[in-house]
Every structure is written in C-alpha cells, then in structure tokens.
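S.K.: Residue numbers (our numbering), protein chains in the order written: chain Z, 1 to 408; chain W, 1 to 254.
Rather than coming from a laboratory, the hints here were simulated on the basis of the structure. There could be a bad hint or two in this list.
Unchecked claim - Simulated DEER-style distance windows between Cβ atoms:
(1) Val174(W) with Gly262(Z): 43 to 53 Å
(2) Val174(W) with Ile207(Z): 41 to 51 Å
(3) Arg66(W) with Tyr272(Z): 32 to 42 Å
(4) Val174(W) with Ile255(Z): 30 to 40 Å
(5) Ser143(W) with Glu284(Z): 47 to 57 Å
(6) Val141(Z) with Phe14(W): 21 to 31 Å
Glycine residues also receive a C-beta, built at the ideal position from the N, C-alpha and C atoms.
Next come the chains, spelled out residue by residue.
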Amino acid sequence: MSESPVDPRLVVSEQGLTGYLGEFRRKVKGGELGPLPVVIGLIVIWLVFQSLNSQFLSAQNLSNLSVDIVPTGLISVGIVFVLLLGEIDLAAGAVSGACAAVLAVLNVNMGMSPGLAILLAVAVGAVLGLIHGFFFAKIGVPSFVVTLAGFLAWTGFQLWVLGPNGTINLPSDGFVAGLTSTYFIYVIAAYGLAALGVAGFLAVSLIGNNRRRAAGIPYRTTGDIVFRTVVLAVVAFGAAYILNLYQGLPLALLIFLVVVVGTDFVLRRTRYGRSIFAVGGNIEAARRAGINVPFIRISVFVISGSFAAVGGIFAASRISSASQATGQSNVLLMAIAAAVIGGTSLFGGRGTTYSALLGMLVIQSIASGMALQGVSNSIQFMVTGAVLLAAVVIDSISRRSQKAAGRA
Amino acid sequence: MAPVLALERISKRFGAVQALTDVELEVDAGEVVALVGDNGAGKSTLIKVIAGVGPPDEGRIMWEGRQATIATPSDAQALGIATVYQDLALCDNLDVVGNLYLGNEMTTMGVLDEVAMEKRSRDLLETLSIKIPSVRIPVASLSGGQRQTVAISRSLLGDPKIVLLDEPTAALGVEQTAQVLDLVERLRGQGHGVILISHNMVDVKAVADRIAVLRLGRNNGVFDAKTTTQEEIISAITGATDNAASRRSRRLSE
Ligand SMILES: Nc1ncnc2c1ncn2[C@@H]1O[C@H](COP(=O)(O)OP(=O)(O)OP(=O)(O)O)[C@@H](O)[C@H]1O
Ligand SMILES: [Mg+2]
Numbered sequence: 001m002s003e004s005p006v007d008p009r010l011v012v013s014e015q016g017l018t019g020y021l022g023e024f025r026r027k028v029k030g031g032e033l034g035p036l037p038v039v040i041g042l043i044v045i046w047l048v049f050q051s052l053n054s055q056f057l058s059a060q061n062l063s064n065l066s067v068d069i070v071p072t073g074l075i076s077v078g079i080v081f082v083l084l085l086g087e088i089d090l091a092a093g094a095v096s097g098a099c100a101a102v103l104a105v106l107n108v109n110m111g112m113s114p115g116l117a118i119l120l121a122v123a124v125g126a127v128l129g130l131i132h133g134f135f136f137a138k139i140g141v142p143s144f145v146v147t148l149a150g151f152l153a154w155t156g157f158q159l160w161v162l163g164p165n166g167t168i169n170l171p172s173d174g175f176v177a178g179l180t181s182t183y184f185i186y187v188i189a190a191y192g193l194a195a196l197g198v199a200g201f202l203a204v205s206l207i208g209n210n211r212r213r214a215a216g217i218p219y220r221t222t223g224d225i226v227f228r229t230v231v232l233a234v235v236a237f238g239a240a241y242i243l244n245l246y247q248g249l250p251l252a253l254l255i256f257l258v259v260v261v262g263t264d265f266v267l268r269r270t271r272y273g274r275s276i277f278a279v280g281g282n283i284e285a286a287r288r289a290g291i292n293v294p295f296i297r298i299s300v301f302v303i304s305g306s307f308a309a310v311g312g313i314f315a316a317s318r319i320s321s322a323s324q325a326t327g328q329s330n331v332l333l334m335a336i337a338a339a340v341i342g343g344t345s346l347f348g349g350r351g352t353t354y355s356a357l358l359g360m361l362v363i364q365s366i367a368s369g370m371a372l373q374g375v376s377n378s379i380q381f382m383v384t385g386a387v388l389l390a391a392v393v394i395d396s397i398s399r400r401s402q403k404a405a406g407r408a
Numbered sequence: 001m002a003p004v005l006a007l008e009r010i011s012k013r014f015g016a017v018q019a020l021t022d023v024e025l026e027v028d029a030g031e032v033v034a035l036v037g038d039n040g041a042g043k044s045t046l047i048k049v050i051a052g053v054g055p056p057d058e059g060r061i062m063w064e065g066r067q068a069t070i071a072t073p074s075d076a077q078a079l080g081i082a083t084v085y086q087d088l089a090l091c092d093n094l095d096v097v098g099n100l101y102l103g104n105e106m107t108t109m110g111v112l113d114e115v116a117m118e119k120r121s122r123d124l125l126e127t128l129s130i131k132i133p134s135v136r137i138p139v140a141s142l143s144g145g146q147r148q149t150v151a152i153s154r155s156l157l158g159d160p161k162i163v164l165l166d167e168p169t170a171a172l173g174v175e176q177t178a179q180v181l182d183l184v185e186r187l188r189g190q191g192h193g194v195i196l197i198s199h200n201m202v203d204v205k206a207v208a209d210r211i212a213v214l215r216l217g218r219n220n221g222v223f224d225a226k227t228t229t230q231e232e233i234i235s236a237i238t239g240a241t242d243n244a245a246s247r248r249s250r251r252l253s254e
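Chain W on its own, in the form it takes in the complex (with noise of 0.2 Å):
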C-alpha cells in the first residue's frame, strides 16, 4: 500500500536561499517518522510546505498514492494534516478555548457553542495531563510551556491522519516532555502517522521508528531507529565524516 504522505523532489527557495533542495519524505500510518538536522537545515520549511503554510517551487505531495495540491492550510486541514508550529502560532488576545478551537468552532444555528467547545477543551487537556489555570484565560498570560501544550492540544482536536510536530518539546519540563512523548506513542498506536521535528537525539532515538536526516536543505540518509546509533546521525547531521556510515544504515534499513 501506498505510505499516507509521500514527498518527491520537494524544491524551495526564499531569495537567494535555497532552503529545500529535491527533498524526499515518506510517512505510513502508524509509523512515528523524526526529521533532524542542523539549525537552519529546513526542516521548519518542510513542515510549511506539508502545512501549505508555504507551498513549494517544485515537486509532488502524494496523499495516500494520490497527487494532493496544498496550496492552503485549510488543503492540509482538509486531507487530515495537523500541525504544531515551530513559532506555535497561538493568538494571544483569544482565550485557550478559542486557540485550540480556532478555524474549527463548533456552533449551533451559526451560534459560537462556547459551553461544548469548553468541555471538550477541559476533557482533552485532562486525559493529556495539561496543566492549565483556567482555559478561559488569554494564552498572552500563560508560560512557554503551557503555550507549547496547548498548541500541541490544538493539533489532536480533529482526527488527524498525520500529525507535524515541529520541536514540540523544546520548551517543556522533563515531565512534560515524557508526555508528549508518551502522546507521540500513543498517536501511532491509534494510527496516525507523526511527523516529529526535534533536536533531542535521545528522544528521536526513544520513540521514532525511522529518522529522516536533512542537511542543508537536501536529504542525508534515512536511518532505522532501532539499528542505527546516535554517532552515526549526527555524523549525517554534521556531515563530519565520510557518508559511508550513512549509506550502510539506509542499506540495512531497506
């Protein structure tokens, strides 16, 4: 079968810099994809494109063995991708209800149902663990952290098929960080494919399945979780040593 989001020959460029360069990405149901790299490797570029926040130059999105158009963030919401932005992309001035409801408000005859979308917000963040001193409260006044939860809640409102996290742990507590973690688990439990961005090499080795390398805005090897080791990734990263590491790990995860 088809994977669920398949890239070919991803090409873009802002200006003079040419952030994504015939980058290819494959995700499967219920398989849990890391996509590493350097600051400034592209991989915030990637994501956009996937989005549609930022649609590329050149190259296919294959949905499900289909070739998708994302021009929009509402194509991708529409095939079932959810994403939590690098820069989580929350108003300030609404409460958490409205971020975590924003673009998908539940109403009833055209009437904002504020007592509905207030009770799943309060159910969803319990069975996450979040905590949050009122969901009626301006996300302006809440930590980085909390932020960083409710972007991440925001994501699972609908029934993604894929989900982009995009360095969702960055700004979290140890204990928060396993629960993100345990939710991306959980996620590819029920199904869903996740696409996660970070650059905590202990935790994409903890709970990806394969680990995508971007250096530069190219592809640098796609490794197996299980078999490869940290040195050899960051090695990709880095591009410090010679690549035959690389292609040895790609060989024996194929």
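Bound-form chain Z, shown alone (with noise of 0.2 Å):
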C-alpha cells in the first residue's frame, strides 16, 4: 500500500477533472449511485417543465413547492428508517390521518393548548409504532402484514376519532396552521441559514480533514473540499434568493431540513445508526455482534410511527383541518416512492434521509408542473409511477452490479 496521504482509490485525488471522472466511474460501476440519478432526474424535470410553463421556476412556485413537499416529506423520512432495515411500513399513512385527528380533537374540541396537543398527537404516533414493532420485532409477524392490519385498524381510529362529522377545522391563524404558514420575511432569515449551513459544512470539512491528515489517514484534497463547497453553497444560496424573492423563508421548510439533516447525523455518525445499518444489511452478523436486534426493529417503527404523527400535523396545518382523507389515498405510496427515488434501497442497508429530501422534490415538481399545464390526475399518477419504477430499476441494476463487483 502507497504511503501517499492520497489513496487514489479512496478519495478524489489531485488530478482535477480526471481525477473526478475516474473516481465517478468507479463509482457507477460498483453500483455507488448515490444521489445522482435523481439529482440529474430533477434537474431534467425542471428543465422539462420550465420550457412547457414559464411559471413553473417562478419564485411564487418555487416556494409553495418547499412547503408542499413537507407533510408528506416528514412521513418519508420515517420510511427511510425503515426501509434501511429492509422492511416496509404500509401504516404510516393512516397513522399520520390518526394522529391529525387526534391533535385536532384535542385542539380544538377539547381546547387544550397547541403545544401540548401536538406532543399527544406524536406520542400516540409513537405508541402506534410500537405496536407495530412489537409484533414484528417479538412476536415475528412480517412488517408487511403487521403494518397493513395496522393500516385498516388505524383508518378505522382516525374515523371514530373525527367523529360524525368526519372534518374538524383548524384555527386558520392558530399555532398549528402557523406551522406550514409562517414565513420569516426577513432576507436575513433564508440567507443567514444558508450562510450557516455552508459554513458548518465548511468547518466540518475541514476539522475533519485536519484530523484524518493528523492521523496520517487518506484525507480529501483542498481543491475538493473547496469543490463541494461552493457547490453546497451555490444550491443553498441560490435557494435562499429565490425564497426571498416571495415571503421568505417558510418555517415548514426549516423544520423539514433540520429534521433531515438531524436524522442524517443520528444514522451516519451514532451507534445507534450503525445499528440499523447492520441490521438491514445482515441481521445474523449484527446479533453476533452483539446488537440487541429486537430493541433496533421496535425502535425503528417507533420512530416510523412518530415522523407519521409529525407529518400528519403538517398536513392538517397546511389545510387548516383534519379530516378523513387526511393521510388516506396516495399520501403512504408518496413517502415510500419518495425514499426510493431519492435513491434509499427496497432492499435494506443503503440510504439516507435526504433521499425523502430530493424524492419528495421530485414527486411535489411533478405534481407542480402536471397542474400548471392543466393536466389531469390520471396523467400525473402514470408518470410519477414511471418515474418510481425508473428509480427501483436503477437500484436493482445498481445493487446487481454492486453485486457482481463484490464477492470474487
């Protein structure tokens, strides 16, 4: 083995361009995608419907879409915990229209405070997962099956729970309907976040490279760094101005990238993420090593069942109402085809959760673009299901190859 800080195998080397496109072909061939499918697939579908509506890129546009792509956004990134055990959570819709009703129950026909209304409505989010976990995990009932009873039963609670009436309205000026339809109108807001998110990158960055050259492991050049960086930056900054140019920046979004970017850290840099991702890549090698599998499974329903709850409340905030098509029809299938176009494996052991992220940019553009042209329904479900197909086939064409780059 070279003595070179730079392992040419590792990580980008000095060689610019070549370097990058050597480093890229690697990748595609052993099946690393990551996000690049469906950051090239966004970009086609922006392209694609900015030249069919001049509307669609419009600022107005752009910053619905961010908020649109929350409730359900949230949900998925429930899903992605789940899907990275190799398991399915077909509940997560009905737990979401559940707990919405409940909040709005609490809310507003029993008059209790917002604030404690939501944290009920999670808990029971919560506790709803956890009897999905607990028949899994314990009792060894396939996650599918568990979760569809849990579908039907959950379905059946949400509609006792609203009651005759089937809708409960919200305050339209009330502390849940401000959580989708609030905007920090200040340029300040959107470009400060932006200025601390690129810089956090930055510092990350780089007080870990400084650390890994420290300890004379292969670090990232620089140049590479820098790279990143101004990319982060561009995207972020970019985000920032067009959000500025309506009403700022929407708390609902906020919420949503802290979310994600907290989920992100607990699966990539804690035991605790470790844990799932072993579970999901060979649950017999991580109960022999010592991982309670059981705790992992019930946990990662729990965390389902929560996120369900969170973005349930979303979405009653953004309709100021619960009602019985809360979280009902295709908001489940959303938040799964979300995770997966985002580029998160059926398959278990690979994903992240920016993937409910860029998946639900792309759905909600779709969904966008579909009803700026006036386009029916029908038409928009054909083509977003082509585009989950699409994106199921790239992981399993990138999981053979990862396959067949794999075992000698």
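Two independent chains are provided; combine them into the complex using the hints.
M.R.: Have a look at this one:
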C-alpha cells in the first residue's frame, strides 16, 4: 500500500477533473450511484416543465413547492428508517391521518393548548409504531402484514376520533396552521440559514480533514473540499434568493431541513444509526456482534410512527383541518416512492434521509408542473409511477452491479 | 489452575438432528486446540455454543473455574471470547472499518469517532500484512479471502482471552494461510487461548498443541499434536479403524 496521504482508490486525487471522472466511473461501475440519478432527474424535470410553462420556476411556485413537500416528506423520513432495515411500513399514512385527527380533537374540541396537543398526537404515533414494532420484532409477524393490519385499524381509529362530522377545522390563524403558513420575511433569515449551512459544512469538512491528516489516514484535497462547498453554497444561496423573492424562508421548510440533517446525523454518526445499517445489511452478523436486534427493530417502527404523526400534523396545518381524507389515498405511496426515488434501497442497508427531501422534490415538481399545465390527475399518477419504476430499476441494477463487483 | 474455558457434557439438538452429545473440551491460556472432524460433525455448532449464538440444551460452560452463562453473543464478548465464524458474518453494506468495529464502535461524546477507528483499522491490517485496497469500501466489493481476513482482524480488535477460528484459512491463498498460522502462533505467544477448526491436517499439526476430534457429534479422542501421526487422527475422524490407536495416544498425552 502506498504511503501517499491520498489513496487514489478512496478519495479524489489531485488530478482535478480527470480524477473526478475516474472516481465517478469507478463508483458507477461498482453500483454506488448515490444521489446522482435523482439530482439529474430533478434537473431534467425542472427544465422540461420550465420550457412548457415559464411560471414553473417562478419564486412563488418554488416557494409553495418547498412547503408542499414537507408533510409527506416528514412521513418519508420515517419510511427511510424502516426501509434501511429492509422492511416496509404500510401504516404510515393511516397513522398520520389518525394523529392529525387526535390533534384536532384535543386542540379544537377539547380546547387543549396546541403545544400539548401536538406532543400527545406525536406520542400516539409513537405508540402505534410501538405496536407495529412489537408484533414484528417479538412475535415475528412480517412487517408487511403487521402494518397492513395497522393501516386498516388506524384508518378506522381516525374515522372514530373524527366522529360523525368527519372534518374538524383548525383556526386558520392558530399555532398549528402557523406551522405551514409562517414565513421569515426578513431576507436575513434565508440567507443566514444558507450561510450557516455552508459554513457548518465547511467547518466540519476542514476539521475532519485536519484530524485525518494528523492521524495519517487518507484525506480529501483542499480543492475537493472547496469544490463541494461551492456546489453547496450555490444551491443554498440560490434557494435562499428565490425564497426571498416571494415571502422569505418558510418555517415548515426550516423544520423539515433540520429534521433531515438531524436524522442523517443520527444514522451516520451514532452507534444507534450504525446498528440500523447493520441489521439492514446482515441481521445474523448484527446479532452476533451483540446488537440488540429486537430493540433496533421496535425503535425504528416507533420512529416511523412518530414521523408519520408529525407529517400528519403538517398535512392538517397546510389545509387548516383534519379530515377523513388526511393521510389517506396516495400519501403513504408517495412517502415510500419519495424515499426510493431519492435513492434509499428497498432491499435494506442503503440509503439516507436526504432521499426523503430529494424524492419529494421530484414527486412534488411533477405534481406542480402537471397542475400548471392543467393535466389531469390520471396522467400525473402515471408519470409518477414511471419515475418510481425508474428509481427501483436503478436501485436493482446498482445492487446487481455491486454484487458483481463484490465477491470474487 | 483451572483451564480458561472448559465445556462439560454439552448437548444440542436441532429438531431431529442430535448435533452434539456430551461433548467435553478444554482450552488453556497460551494453548492452541485444533477441533477437527468430518463435515457435519458438529464443529461449528460447538463454536456457536461457546460464542453465545446457539446456547446448548444441556451441559455446563466453565470459565476460569467458575460456571458461566453464555446466552447471547454479548455474554461471550464480555467474558473475552472472540469468534471468526465459518460464514464470516459480515455486513456487506458496511465498509471495512464499520465491520471491524461493529458492536464495539469508538465514540467521543456519543458520536462515532471515524478517524480513530480508521486509524486503528489501518494499523491492525498493516500489522497483519493484510492487503485491502481501502478500508472505506463496502466489504461486498472484497474478494472472498479479503473478507476472511477482515473477519479474522475483527476478532483481534478487543483483547480476547480465547479466540475461536472456524475454518479461518478456507478461502485463503498460500501466503495468507501462512500468515494466519503465524498469527495463531503469535496469539499463543501472547497467552491467548485458541480453538482452531480446520480440515487441513498439515496446518493443524503445524500449529496445534492438542487436537480434539469430533465424530457424529461426540468426542472421539483428544490427541497430542507432537506425538500423534496424521493417520491416527484421520482414522479417529473417519472412524475407519478400531479406536485402539486413539485410545493409546490419549493415554500417552495424559
Ligand atoms: N441451524 C441448524 N438447524 C438445523 N440443523 C443444524 C443447524 N446447524 C447445524 N445443524 C446440523 O448439525 C450438524 C452439525 O453441523 P455443523 O455445522 O456443526 O458441522 P461442522 O462440523 O461445522 O461441519 P463442516 O465441516 O461442514 O463445517 C449437521 O448435521 C447440521 O445439519
Ligand atoms: Mg462448520
């Protein structure tokens, strides 16, 4: 093994563009596509819809888009956890609807303070997830079946909680509605967040790199870090600029971004997150390594239920009401599709919560673009279905080439 | 002094298969015990009993003279038992560092210390002269032999008292096999006890102090590696000849 600080097989070497291309080719061959397909897909989708209708990339449309992705996106974050185990949660949509109903009853019918009502609604989501997790991890019922039963049961629970009216309106100037209607109008908010994100990324990269250099293990070149930081800065400040053209930084988007970054940290930088990947990769290896597999499984379903509840609360907030339709029809499927489109594998062990963000951007962009064109729902579903299929095909192929590149 | 590990009358069955019957085995510190036997003799099953992966139905496990309960892999790890499984038990989706430290990750304030783990992984792999393109690639993209060396390195990260090696050289080339055998001798030199499973009699005779034979799930003799011929061991494994030879060498070794 060479003594050079930069192992060409590990990180991008100093050769600049050729280095990147070589690295890129190696990764694609090995099936490590990462977020690349979805980012390319998103750019294509945006260019197509912009060429069809110049309103598409308008500040107002993009700003609305950034809030529209939040409710289902939050559910999708929980789904990512479940998919990482190689399992599925078919009840997430029903849980979100049920918890939105609980929130509305507590807050409106019973006059409970919104903060407490939200807390209790999320706790209900956690308990429903706990029930799924228990039957899955302790009794051994396949997650598919447990959550299918949960889907039916919690849908009934939602109808029961809502009562005969079937709809409970939330005060449109209330706290809950404010979750999705609050904007930080001062330009400093969006730019500040962008600056914070970019500076944080740069600081973490530089500190990590210095530690790696000091420890004598491969590290990235400064040029590489600068390149990554510049890309992030362009995206972050570009988004901030556009949001400021309309009403500023939406609170809902801020919360969603914090959730995505926070959960990604938990998954990649903590022992708990590492255990989730291990269970998703090889359950027997995880067990033999001393990991408490039932605990990991149950906790993941609790997380999924909790995020489903949070997503349901944001969905109710967006339309200022909880109804029988909240969390129903295609919400669950969109949340799963978003995770998969964003690059989280259905086979377990590979993925990030960023895929909830990227996947929802794709799905919502298609929905928004089609709506601008006045295209009917039917076409929209078909296009989204095709995108989902493409994502799963990419996942399957990359998995196959990883296998091929794997064992000798 | 009592041996570090002593198994007493261990039995285990899987449904209709009686995989182990009244098996006894002792390992001392600084001793290499080879466990040999035909396919299906119950060697891996016995390893899993010791490692806490598949606890026995009957029998006692004595650790340093006291009875120990090994019901889970964590119990075994806590005692100081490290295991390389025949099926390796690696997570294909994790990189080499992630696999080496799985279940024992280094953290600072709750956050994984990737730099420290990567540094120690590289150092360890280097001292074992293990060649892997990068410690940051998923183990799925390693060759069979490389995977095996990762599994072996994994068992050495803590400071185990007993190392269980279930066919550690099965997928290895000539050079790497020699390295693993060197490693086994180094472990013995450092006072670790080693249980080595192998079908290669030459390797077994080269490094083992004692050779325990399992046949159809039962003990079939424990032989002194220095004084027993390969033929005697093979006949104990296959049961081809009368067991006089094995009885004789057992007497000699005691
Ligand atoms: N999980 C299991 N379920 C049922 N039977 C099992 C299981 N594990 C092992 N057995 C049976 O127990 C017996 C012993 O198997 P074991 O794996 O211990 O053999 P071994 O000595 O390691 O053989 P090899 O040299 O092929 O690795 C075999 O008959 C096998 O079929
Ligand atoms: Mg075996």
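S.K.: Could you work out which earlier hints the structure fails to respect and list their numbers in ascending sequence?
M.R.: 4 and 5
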